[in-house]
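Here the structure of chain P is known, so what remains is to put chain V in place on it, guided by the hints.
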Amino acid sequence: ETGVTQTPRHLVMGMTNKKSLKCEQHLGHNAMYWYKQSAKKPLELMFVYSLEERVENNSVPSRFSPECPNSSHLFLHLHTLQPEDSALYLCASSQEDTANSPLHFGNGTRLTVT
Amino acid sequence: DAKTTQPTSMDCAEGRAANLPCNHSTISGNEYVYWYRQIHSQGPQYIIHGLKNNETNEMASLIITEDRKSSTLILPHATLRDTAVYYCIALDHNDYKLSFGAGTTVTVRA
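Protein chains in written order, with the numbering used here: chain P, 20 to 133; chain V, 152 to 261.
Hints listed in this document are in silico derivations from the structure and should not be mistaken for laboratory results.
Take the hints with a grain of salt, since some may be wrong.
As the list claims (entries may be wrong) - Here are the simulated DSSO-like pairs of lysine-lysine, each with C-alpha atoms no more than 30 Å apart in a straight line: (1) P:Lys-60 <-> P:Lys-38; (2) V:Lys-248 <-> V:Lys-154; (3) P:Lys-59 <-> P:Lys-38; (4) P:Lys-41 <-> P:Lys-59; (5) V:Lys-220 <-> V:Lys-203; (6) V:Lys-220 <-> P:Lys-60; (7) P:Lys-59 <-> P:Lys-37; (8) P:Lys-59 <-> V:Lys-220; (9) V:Lys-248 <-> P:Lys-59; (10) P:Lys-60 <-> V:Lys-154; (11) V:Lys-203 <-> V:Lys-154; (12) P:Lys-37 <-> V:Lys-248; (13) V:Lys-248 <-> V:Lys-203; (14) P:Lys-41 <-> V:Lys-248; (15) P:Lys-37 <-> P:Lys-60; (16) V:Lys-248 <-> P:Lys-60; (17) P:Lys-60 <-> P:Lys-41; (18) V:Lys-154 <-> P:Lys-59; (19) V:Lys-220 <-> V:Lys-154; (20) V:Lys-220 <-> V:Lys-248; (21) P:Lys-38 <-> V:Lys-248.
Computed from a prediction, not measured in an experiment: that's the story for all the values here.
Pulled out of the complex, with its shape left as it was, chain P reads as follows (with noise of 0.2 Å):
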């Protein structure tokens, strides 16, 4: 148990479906996070929401959308995706308000994109 809970574990799809991952954080944090890794690369940053804001999109392609709504819930909405979106989506939590506070993750959503 991580605090950190995604939702599928793993998920395929067509080009033409819309899918959604879901994240649910129980550890009182108030900043989540999206991450992206695909094969042999690092972990890419996508998207960062502070109190349900979102502070950051890195340079995310819109056939991600993101939605917050509230604290404790974190979506990765998905719509017409490439076969090279297929990775390991992962969604982070953390208290902002807090200094040096650490990112915790979930163990993520295997996505294949067919």
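Relative to chain P, chain V alone:
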């Protein structure tokens, strides 16, 4: 954030201490040294972090040189479950943009 350099891989024997080096020669005074690890098919796991002083917790010890240009993560009694990729990151305490490099692939052998 300062760039960090780590060996690509290392092996260690089960039950022995594992010493993982990291160079961060351009680190600034505001940047902390963070260590994370990622076990296969899981998300990264926070291990420890420090600024100037050596730090210890239930997972590991962090030794930072006096000039802060390098550090060593010590796993005191490595187990097979410590096999993972270990990431050393220099991060300003006001910055949330945690950037991971390639890390060190540590293999603990029985």
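Hint check:
1. P:Lys-60 <-> P:Lys-38: Status holds; Cα separation ~24 Å.
2. V:Lys-248 <-> V:Lys-154: holds (13 Å)
3. P:Lys-59 <-> P:Lys-38: Distance ~25 Å between P:Lys-59 and P:Lys-38 Cα, so the pair holds.
4. P:Lys-41 <-> P:Lys-59: Holds: P:Lys-41 and P:Lys-59 sit about 24 Å apart, inside 30 Å.
5. V:Lys-220 <-> V:Lys-203: holds (10 Å)
6. V:Lys-220 <-> P:Lys-60: holds (26 Å)
7. P:Lys-59 <-> P:Lys-37: Between P:Lys-59 and P:Lys-37 the Cα gap is close to 26 Å, so the pair holds against 30 Å.
8. P:Lys-59 <-> V:Lys-220: Holds. P:Lys-59 to V:Lys-220 sits at ~27 Å (cutoff 30 Å).
9. V:Lys-248 <-> P:Lys-59: Satisfied, since the Cα-Cα distance of roughly 20 Å is no more than 30 Å.
10. P:Lys-60 <-> V:Lys-154: holds (16 Å)
11. V:Lys-203 <-> V:Lys-154: holds (17 Å)
12. P:Lys-37 <-> V:Lys-248: Cα-Cα ~28 Å, so holds.
13. V:Lys-248 <-> V:Lys-203: holds (21 Å)
14. P:Lys-41 <-> V:Lys-248: Cα-Cα ~21 Å, so holds.
15. P:Lys-37 <-> P:Lys-60: holds (26 Å)
16. V:Lys-248 <-> P:Lys-60: This hinted pair holds, its Cα atoms lying about 17 Å apart.
17. P:Lys-60 <-> P:Lys-41: Between P:Lys-60 and P:Lys-41 the Cα gap is close to 23 Å, so the pair holds against 30 Å.
18. V:Lys-154 <-> P:Lys-59: Distance ~19 Å between V:Lys-154 and P:Lys-59 Cα, so the pair holds.
19. V:Lys-220 <-> V:Lys-154: With a Cα-Cα distance of about 11 Å, the restraint between V:Lys-220 and V:Lys-154 holds, given a limit of 30 Å.
20. V:Lys-220 <-> V:Lys-248: holds (21 Å)
21. P:Lys-38 <-> V:Lys-248: holds (27 Å)
Of the numbered hints given earlier, the model fails none.
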